[in-house]
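Participant: Take each chain as given, in its own frame, and dock them per the hints.
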Amino acid sequence: MKQELVIIGAGMASGRVIEHLLKEDPDAFEITLFNAEPRGNYNRIMLSPVLSGDKSYADIITHTDDWYEQNGITCRFGEHVVRIDRETGTVVGQRGALPYDKLLIATGSAPFIIPVEGKDLPGVITYRDLDDTNAMIEAAASGGKAVVIGGGLLGLEAAAGLKERGMDVTVLHLMGHLMERQLDESAGFLLRRDLEKRGIKVKCRASTAAILGETRVEGVLLEDNEGLEADLVVMAVGIRPETRLATDAGLDVARGITVDAELRTSDPDIHAVGECVEFDGQLFGLVAPLYDQARVVADSLLGRSAAFTPKELSTKLKVTGCDLFSAGDFADGAGREDIVFRDPSRGVYKRLVLEENRLVGAVFYGDTRDSNWFFGLIQSGEDISEMRDTLIFGPAYQGGAALDPMAAVAALPLDAEICGCNGVSKGDIVAAIEGGATDLGTVRSLTKASSSCGTCTGLVEQVLGVTLGDDFVIPAAASICGCTDLSHEDVRRMIKSRELKSMAAVWQELGWKTSCGCHVCRPALNFYLLADWPLEYRDDPQSRFINERKHANIQKDGTYSVVPRMWGGMTTPDELRAIADAAEKYNVPTVHVTGGQRIDLLGVRGEDLPAIWADLNAAGMVSGHAYAKGLRTVKTCVGKDHCRFGTQDSTGLGIALEKRLWGSWTPHKVKLAVSGCPRNCAEATCKDIGVVCVDSGYQIGVAGAAGMDVKETERLADVATEQEALDLITAFFQLYRENAKYLDRPYKWVAKVGLDWVKDQVFDADTRQGLIERFELSQSIYQKDPWAEEARKSGEKYQPLADFKLEAAE
Amino acid sequence: MSQDWIDIGELSDIPARGARVVRTAVGCVAVFRTGSDEVFALQNRCPHKGGPLSEGIVHGKSVTCPLHNWVFSLETGEAQGADVGHVRTYPARIEAGRILLETSFLQARMAAE
Ligand SMILES: Cc1cc2nc3c(=O)[nH]c(=O)nc-3n(C[C@H](O)[C@H](O)[C@H](O)COP(=O)(O)OP(=O)(O)OC[C@H]3O[C@@H](n4cnc5c(N)ncnc54)[C@H](O)[C@@H]3O)c2cc1C
Ligand code: SF4
Ligand code: SF4
Ligand code: FES
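Top to bottom, those sequences are chains A and B. Each residue of the first sequence is one higher than the one before, counting from 1 in UniProt numbering. Each residue of the second sequence is one higher than the one before, counting from 1 in UniProt numbering.
Okay, chain B solo, but in the shape it has when bound (with noise of 0.2 Å):
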């Protein structure tokens, strides 16, 4: 599939390891910057019940739900530990101080829809 990068602010607009989200029309994505520079892109509801990802904590490359502390990897959006849950991932990642998202996914859906 052909792919479309979307530039949807400067990374300075996401604090180090903070994140803000994303409105689509599939719901809300969360961007999340970590200490180290880089983006990731996640689905902004934990599997659990449901906490926003967006307002977790994040350490490394993970972030803390901040409703009942279950940890999920930024890369892979698979809960961590003891946890069993996934959380959807969508490509991202930084241009010369810009962040650009892949947002295929949204065409795809809504052609779908």
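Isolated chain A (complex conformation) (with noise of 0.2 Å):
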């Protein structure tokens, strides 16, 4: 005799359960399947070209209604099922109970929806049915604005789906790069360049603060207090698999039906199968794993033993002209290796990682043709150790010989272009090399060949090399550091040239070989990228130093030294007071005076660091820059109003410097001085900048040093007026945050460029009005108390996250 089958939800999953059952044994069961939607089974995952409008809704259907009915199966579609009785085997439909012998539950999953306010205003709409997709479609043909929160898979192609139906689309991401699961953060930049592309907006690390709206959506509101409009809202956030029957039934249920290899739920009668269950503490999202689950499911049904093991999963995002691809785990750590390649030209990027010669992830972006290989190589767990040098090439190249690049330099044809800026070509360089250049420098002269975005610099190099022959030794710059071959000076030079606005735009743009860089290239490249885009830019607080994470300097018992900020290095009573105070306060071990005329209180916790920032703070005192690449002190003498000798208001003067440049990062620590006169008591000519006030004005000295080096400033210019020194002080020191490469201070950089090129700049009145005009910019972003900021907003960080000591206490 037949026993009853009773299966809940007619999704990707169950689809697969009744085709494998038919086909194993036809007359095993009597099958009744109930849906909540209104319809029988349909490809859930081409709802996104049904959405674009490159499918409509007949396409997908998987089971149409004859084929149900051929095969003899009782379909209750539109029908929810409200409970599971497992005393005695019925399921109850909301139109009437069923007994059952086995029971299947494919209930799927519902999607998450933030709970902020706004949420249930008509308007705002997940993407899991049919439905939905419909929702979307109407939405879109008024036109008008959409906002989709989550820039996952489904997020994306909700994006890409309304943009080609002539929404204007905003994608909201609260993570850092989109798809931040399966794609690493060159990828992510690669996509959301050309998601750009096609006109949808992107907003990464985006919080949604509430929905607006009266009586339908008007807009979202961000944590940050931005408002978008929107006439449609799509949540895609993510999804929690549907358990609420099986929780309700007493089944276990962890985050999702948990179920042995065989798909049994806790109950031998009932079977789960799908994006409900959990097995071995693993959730699953794509169809992959429940193809290989409905197998299982079916066999164990039929009482023939069968186990489900989960594999690698691969992803691909269904949204035409953005190809990509990512398998396997592509997180980089101690023991594996990454290849990577990138043709920014092209907008390519490939990543393999590798652990003990097995390949064992891969992300592709612009160029996937190759990944189904990649991920049988990923899946097999095969010894690659013998095409490890071109692997990331592709199957083609296994077995073949490796190419020599100055064998394919040579071989250029002379019209080869090789510097792509300024159109020149292999013969131009050629032609060069024959008239008498015998390195770049002249080649660059002549042709202007790898003058401008400089990328093609080492192409120019090879045909040197290849005209020249054993005359010409191509120059090892030194490089940043592992990371990249580039220099400091030609990343500088790139990231203006190209308009690269953020790490991961350099990254990939200029072919890192790491995937996020180390503790020598991301400080320097925060720096250059803060300083080049200020109003762009976001700084990133990971990417520095500890001192600047912390605003004060670490010391070497792991305690901190706090600094107040003294103008000029004048003081009062009363912060004299407040010091005194905090210093008790906190328990400071040790008051001391620094060389540059300030206070310092050395021996700070960590975790008092915002405590006495915010006292200081409310006694007038702002953070004295300590610990920062950025301007120091600015220290004086008492200048005429009290020295005999005095010819200016050095003091005047040193103050109104600080109160100028205080706050700005620069590439190394910045330290100046202004003495009242010659016999120059603030020591103004061993400081990065140094003013000599005489009695026809100031004399204006840059790049001396007093540390590891000790050397005399050189005289930049004589002046007549205060203004004229703040004006071109102010220039130079921007002069130097554009140009110097990180961690060199003024004299090593003044001394690379020659202070004569930096004297043209500076004098040039159009060009010191531009340096003022940057300067004073980035100054109405970055000029601000580091110290407010840290104790009244993120106070909580320099707290451990727990302490089990106050718990084994208690």
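These aren't lab readings, by the way, just hints derived from the structure by calculation. Be aware that one or more of the hints could be misleading.
Okay, the calculated beta carbon distance ranges per label pair [what the hints assert, rightly or not]:
#1 Val593(A) / Asn69(B): 27 to 35 Å
#2 Asn69(B) / Ala751(A): 20 to 28 Å
#3 Asn69(B) / Gly166(A): 19 to 27 Å
#4 Pro310(A) / Trp5(B): 17 to 25 Å
#5 Asn69(B) / Leu130(A): 37 to 45 Å
#6 Arg86(A) / Gln80(B): 24 to 32 Å
#7 Trp5(B) / Lys556(A): 33 to 41 Å
In this text, a Cβ means the ideal position worked out from N, Cα and C, and glycines have one as well.
Facilitator: Listed below in structure tokens is the structure:
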């Protein structure tokens, strides 16, 4: 006699189960299929093409009414199952109960809805089934603005579909880059660029605070108070297994319905399959593993032994023009090696992750032709040591001879373009060499090749090498670190010329060899980006050394030192009293006067930092940036107000300079001094910038040093007025910010570029004005007291995350 | 030994490529979050001169000590490159956006005391 099999949910998993059952043993079961949706099985993953208009619903139906009828399956579509009664072995639907011998739960998952105000307004929808898709198509018919919350697979497919249908679409994503679970930052950057090219706006690190509207949705408010208009809001932030029936029936449920390898739940008569299950701590959100499960569950229902083993998964995004692929585990780490290939001009990025000579993960963007071959290698775990050198080039290159780059350049025809920016061909360069050029600099000045963005520098050098033979040794410019072959100067130049405005953009476009840089290059890049793009770039605290991240100097014992600013070295009894009070309150063991005329409180505990800052702030003081690669101090003498030799108000000029320059980040620390006469009590002639006041005005010196090297300043200019002095110094300061290599003090940088070049720049009225304007623009963003900001809003991050010492004591 | 996982907070309590410390009776444990949202727990003391590793720069699955730039693997706790040294590691994982720390090492120690 046939057994009664009841299936709850006509989704992608149960559709497959039924096919297997019918194929293996059509007479085993009398099948009843419930589905909450008023329709049978269709290919859910093709909803995206339906949304974008590439397909219609009819194209994606997998099982038609006729099919169910021919196979004798009783369909109860449009009917929710409301309860499972295990005592009596019945399933209760909205239209009546039904007994079962075997029960299969295949309820899939429910979209996650972020619990913000306004989430229930009309016009706010999720993306899960045909009804959602139709609702979106309908909304798009009247145009307008759509906001998609969630930059994962689903959100981006929804965004692309709505854009296709003519809406103005913005994607909000909580994390730093799109599809962060499947892609690393570099691939995420390329994806974002491609989406932006098609007119979709993307906002990362955007957290939704509320959905606005009276009777229907009108907009979205972000946590940082930015508001966006919206006629339609699609929530695609994630899914959670639909386990309500199972929980109510008393089955074991963790995050999903817990099943064994045969997909049996804690009740042997009840199986579960698909997105609603949890196996071995894992959930499943893609169809490939569900299809494996379907086969196993069918066998298990038929009493045959079978076992489900999760396999590696791969992901593709179904948005035309966004070619991406990711599989396996692509996080980097010890014992793991990366092979990274980047072709910036084609927008191609490929990354393979190897462990013990096996491929364990892969991320491709822009060129995914060979992805199946790589995926096969991940799944099989085959030893790849033999083909390691050419692995990244794909199957076509296996077994062939490796290409010698010099031979490749030698083989190029004379009309091949070498420098794209300036349209210089190999022939032009060869002609320059035949005309006497023997080094890169000469080729650059004769042909302009490699004089703009510089990415072709390597190629130009190879042409020199091929043409001159042994007479030319390709120079190895010191690179920033092991992550790149480019020098600091090249990177700075390209950040400007190619308008690279994020760390991920630099890594991708300049071909970084690691996934996310290292402690050497990241702080440098962070500075370059914020100096060049103060408005667009977002400072990254995780790419700063501890002193700047904690706004205090770390000492050898792990405590910190705190130095409040004393403008121009001036202070008042009130300030001194507040400093003394703070020193007492926080048990500061050492109070020291620094060489730059400030008071240093040494030995403050990390947790106390926000509190001591708040106290000093309350007394009117701000951070002295004694920890910063930025303006540290402006030392002054008392000048003409008190000193019998004083010629000008040196203290006043010192204060004015400090007020103008403080808070700006620079390649290295910068110290200034102003002396009131040539007796030079403030020691202005061994500072990065020093002013000596004289009867006729101000002598400005730059590029002095008194650290590991001791060096006298060089005279930049003699000027008559304080305003001229302020302007020239500001321009010099900005020129240094815009051009120097990270960790070069001004004296090192001036030695490289030459004082004459510096003078040419700052004496030219237009250039000077431009430098000052750019400096002021940057100050409008960055001249902020970090103490005030941190003490107010992120004090908690200075505290331990948890404290088990306390718990143990309780 | 039995596994004892304790929930110490939300993944977002730690910035990506950053760390926070957990204070325990056996010293501070630094809990790291990598750029690809994995978590690792290590003793917060550099074997060189005691630098607080939680304050270092995190790159890939490594951290650079803030005091003298030794680099350690977050997975094994071994010093990388030319330096020789080891930091203790403890099991940590993420579940549903929460960070779990395996804390049987605490009890083992406390029972012994
Ligand atoms: C737009 C979209 C695009 C996708 N793209 C891809 C892709 O490209 N690749 C990929 O691998 N995966 C993709 N997925 C995911 C994939 O669709 C799911 O993993 C898969 O559909 C899950 O199958 P399932 O059978 O477990 O659940 P579902 O297919 O969701 O089916 C569950 C069914 O159960 C019904 N149900 C729930 N509760 C009850 C109840 N109480 N009574 C009666 N019926 C009930 C539901 O109405 C639903 O019809 C996509 C998903 C969506 C929404
Ligand atoms: S530098 Fe000149 S003006 Fe200033 S304190 Fe010394 S002697 Fe006086
Ligand atoms: S001179 Fe050397 S020892 Fe003295 S404070 Fe500066 S870095 Fe430290
Ligand atoms: S204390 Fe860590 S490197 Fe010196």
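Participant: Each of the hints needs a verdict: does it hold here or not?
Facilitator: Hint-by-hint comparison with the structure:
no.: 1; hint: Val593(A) / Asn69(B): 27 to 35 Å; result: holds (30 Å)
no.: 2; hint: Asn69(B) / Ala751(A): 20 to 28 Å; result: holds (26 Å)
no.: 3; hint: Asn69(B) / Gly166(A): 19 to 27 Å; result: violated (54 Å)
no.: 4; hint: Pro310(A) / Trp5(B): 17 to 25 Å; result: holds (22 Å)
no.: 5; hint: Asn69(B) / Leu130(A): 37 to 45 Å; result: violated (57 Å)
no.: 6; hint: Arg86(A) / Gln80(B): 24 to 32 Å; result: violated (56 Å)
no.: 7; hint: Trp5(B) / Lys556(A): 33 to 41 Å; result: holds (36 Å)
When each numbered hint is compared with the structure, violations occur for hints 3, 5, 6.
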